[in-house]
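Number of protein chains: 2
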Amino acid sequence: MNNYLIEKGKRAKEAAAKLSLLQSDIKNKALCAIADNLVGNAAYIVDENKKDLDRAVENNIPTAMLDRLLLNTQRIEQMAEGIRHIAALPDPVGEVAEMVKRPNGLLIGKTRVPLGVIGIIYESRPNVTADAAALCIKAGNAVILRGGSEAINSNIAIVNVMCQAGENAGLPVGTIGLIDDTSRETVSKFMKLNDYIDVLIPRGGAGLIKAVIENATIPVIETGTGNCHVYTEQSADLQMAKNITVNAKVSRPSVCNAAETLLVDRAVAKEFLPDVLTELISKGVEIRGCPETLEIFPSAKSATDDDRATEYNDYILAVKVVDNIDHAIAHIAKYGTKHSEAIITTNYNMSQKFLAEVDAAAVYVNASTRFTDGFEFGFGAEIGISTQKLHARGPMGLKELTTIKYIIYGNGQIR
Amino acid sequence: MNNYLIEKGKRAKEAAAKLSLLQSDIKNKALCAIADNLVGNAAYIVDENKKDLDRAVENNIPTAMLDRLLLNTQRIEQMAEGIRHIAALPDPVGEVAEMVKRPNGLLIGKTRVPLGVIGIIYESRPNVTADAAALCIKAGNAVILRGGSEAINSNIAIVNVMCQAGENAGLPVGTIGLIDDTSRETVSKFMKLNDYIDVLIPRGGAGLIKAVIENATIPVIETGTGNCHVYTEQSADLQMAKNITVNAKVSRPSVCNAAETLLVDRAVAKEFLPDVLTELISKGVEIRGCPETLEIFPSAKSATDDDRATEYNDYILAVKVVDNIDHAIAHIAKYGTKHSEAIITTNYNMSQKFLAEVDAAAVYVNASTRFTDGFEFGFGAEIGISTQKLHARGPMGLKELTTIKYIIYGNGQIR
Chain A
429 MNNYLIEKGK RAKEAAAKLS LLQSDIKNKA LCAIADNLVG NAAYIVDENK
479 KDLDRAVENN IPTAMLDRLL LNTQRIEQMA EGIRHIAALP DPVGEVAEMV
529 KRPNGLLIGK TRVPLGVIGI IYESRPNVTA DAAALCIKAG NAVILRGGSE
579 AINSNIAIVN VMCQAGENAG LPVGTIGLID DTSRETVSKF MKLNDYIDVL
629 IPRGGAGLIK AVIENATIPV IETGTGNCHV YTEQSADLQM AKNITVNAKV
679 SRPSVCNAAE TLLVDRAVAK EFLPDVLTEL ISKGVEIRGC PETLEIFPSA
729 KSATDDDRAT EYNDYILAVK VVDNIDHAIA HIAKYGTKHS EAIITTNYNM
779 SQKFLAEVDA AAVYVNASTR FTDGFEFGFG AEIGISTQKL HARGPMGLKE
829 LTTIKYIIYG NGQIR
Chain B
429 MNNYLIEKGK RAKEAAAKLS LLQSDIKNKA LCAIADNLVG NAAYIVDENK
479 KDLDRAVENN IPTAMLDRLL LNTQRIEQMA EGIRHIAALP DPVGEVAEMV
529 KRPNGLLIGK TRVPLGVIGI IYESRPNVTA DAAALCIKAG NAVILRGGSE
579 AINSNIAIVN VMCQAGENAG LPVGTIGLID DTSRETVSKF MKLNDYIDVL
629 IPRGGAGLIK AVIENATIPV IETGTGNCHV YTEQSADLQM AKNITVNAKV
679 SRPSVCNAAE TLLVDRAVAK EFLPDVLTEL ISKGVEIRGC PETLEIFPSA
729 KSATDDDRAT EYNDYILAVK VVDNIDHAIA HIAKYGTKHS EAIITTNYNM
779 SQKFLAEVDA AAVYVNASTR FTDGFEFGFG AEIGISTQKL HARGPMGLKE
829 LTTIKYIIYG NGQIR
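Listed in order, the protein sequences are those of chains A and B. Note that the first sequence covers residues 429 to 843 in this note's numbering. Note that the second sequence covers residues 429 to 843 in this note's numbering.
Calculated directly from the structure, the hints in this document are not laboratory data. Owing to the predicted nature of the structure, the values given are computational and were not obtained by experimental measurement. Hints are supplied without guarantee of correctness; some may be wrong.
When chains are identical, the list treats them as one kind, so a pair holds in a single copy or across two.
[Claimed, not checked] Result set (PhoX-like, lysine-lysine): computed pairs, CA atoms no more than 25 Å apart in a straight line: (1) K446 x K670; (2) K446 x K781; (3) K538 x K827; (4) K479 x K438; (5) K438 x K638; (6) K617 x K638; (7) K617 x K698; (8) K438 x K478.
Isolated chain A, as found in the complex:
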């Protein structure tokens, strides 16, 4: 078992050394070849995916999960399109920044280099396989994928098709590795493969991410959980506050940048809540309110302390009336997950206070939390949203899949 992992690790590490030196045009051509090959082998991938789906049906997997697992020609074409888009993005590797001449004549600069080998641990959606691998390759990294056991046949098929095309187009053997032994014991050892893997990125639900953080010895970038708040401050344009609250909740409730709690200043709660909550209920949202909310809007359900801390990812919204901005900021500090937080206000001082005092990856004034996303931020792609503070915070694009190396030009300097 250990040998199995070490072998995967060695191949990836060797590939990473070559990949870090590969010119952009070779990487880009390889990515386009991979995209073409995925489309060309769609029937094979769909057949293999069918095996996973059949087994899932046998195991009485819920319908929502079956849909996550499903691949069809259209979805495979979307995967390919995503890869072509990544190929067309600028290559972050090789730029040299902040080069300085030191008093002793040394010329010291930072050059952007790939991270090396990136491990991705994810759950059932097989499109992550293609998407994550393409992002890693574009940034010059080798990747070792460990997807969920439910999608193993799909993942093997996708990786086969990608490797075949990629290696023909000049990617080193070992660029894309797959842990096809999906046992718990193997994943646990995978997270401790420090000699071969530089960074681990978990993608999935809170349980998966917690397990990786607790067990990994490889440096981890924590992604994902978003208990996001929209705070309507008393000076807010209430029509804007309503639009943003509704958008942040219902435009896509299943994603991490969706709002889970509405906070509102007491001074405007009576005017604001009936209007916005009626609208939300008409869109199918269940309201769970604090006692004051229930007084103002009796058709809300009563919220528990759990509600304040929950990322519903669903058509449910917690609502709390607060005294003022300090109360709102304290609530966010206590229950938030440092993802995305928004204030709606027309007061300059309140906007600056909220931006300064709220500790989160993305802090908004008068905009929906739904914008926390690599595409919306202009990165062109995204591998996840970091909710920790090391290395990358917020949406992670290609640049966040690289590190720096100091290069020093001397002419005999000693110390």
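Keeping the supplied structure of chain A fixed, place chain B upon it in accordance with the hints.
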């Protein structure tokens, strides 16, 4: 026990929220007050340090370690001077970079913010207590220190003196915390205090760092171990190669950026080795050579495979004759610790190849590895040298003790 740690964590987290908003001039004045108070209370600190020294003597601690533990008036003045220097550096917090206007009118920028609460786990040198705390504070962070049990009385005294002056000068209560229960069980729980500590930085020997990496669930910045190489390529100016090799080995053998192995191209080994190795021996260095080295220079001892992988931190140098640059790069990839690596060459292509292909925090052409240092790089201060690839690589100054926060100015945007 858990309550003890949670109490420390809560205090630090509350302090961090206030510290992140503190103006530079208040932080700077507080640091200067701390420096003054350390000097003013030197007698008390020396007395407490005496207790640690007496116990160390009773326990037959080696002399070199006694010296690390020792504090006297001069050393306390040096600590204070270091803190005043940190106070005078520019504050990294608050700068806003890369602000862009998106097509939908959102203005998105990155503002530099403190990491929050930083945990430092270190060994016997009590000067780290003052130094690390001052760096964390300057960058707007609260700090929880966990020093070695050998230095506990010294550390308690230093933290008392720092807290007293710091809080009088406006630092929030809880800015500097000390884990004064130095039991193994407590440090193990300390490394898992994810709700209160944002980043853990171990400072010390390889054993300490390994233990932190294996046990922590808090994100760790790995520092330190340096198995650094100087590679004399066949086109090298051999006088320069000799100067740099000798400097990299003997100017301060105990530090992580000292060279541990000399690699030399076969084509110049006969000319180069007798000269440089004679010089090194005259400086008290023991030479451990590969078989070819022994043939050329019989007074060398025979190197084992362990020698290639060892950070001696001592007057010992491993020597290996290599075929060419590819052989040298492969050796470094196998045995190096991704810290600092140098090539001595007059050949342009060789210099560029080495810079591109060697994977380390700092890669040098024609200069000593000894320059990998925050002061030498112009950062003005250093909390350690990162040998991992996430967040920071190489010397870490004040900027590396911060993270970013996206701030977004909108006017009602929804998605």
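Hint check:
Taking identical chains as interchangeable, the C-alpha atoms of K446 and K670 are never at most 25 Å apart, the minima being 53 Å within one chain and 32 Å between chains. With identical chains, the CA atoms of K446 and K781 are at most 25 Å apart between copies only, with a shortest distance of 13 Å across copies and 48 Å within one. Taking the shortest Cα distances, K538 and K827 sit within 25 Å of each other both inside one copy (14 Å) and across copies (14 Å). Taking the closest pair of Cα atoms, K479 and K438 never come within 25 Å of each other, the shortest separation being 31 Å inside a single copy and 51 Å across copies.
Only between protomers do K438 and K638 lie at most 25 Å apart by alpha-carbon distance; the minimum there is 21 Å, versus 27 Å within a single protomer. Proximity of K617 and K638 under a CA criterion of 25 Å is satisfied in both settings, with 16 Å inside one chain copy and 17 Å between copies. For the identical chains of this complex, K617 and K698 are neighbours neither inside a copy (55 Å) nor across copies (47 Å), given an alpha-carbon limit of 25 Å. Taking the closest pair of Cα atoms, K438 and K478 never come within 25 Å of each other, the shortest separation being 32 Å inside a single copy and 51 Å across copies.
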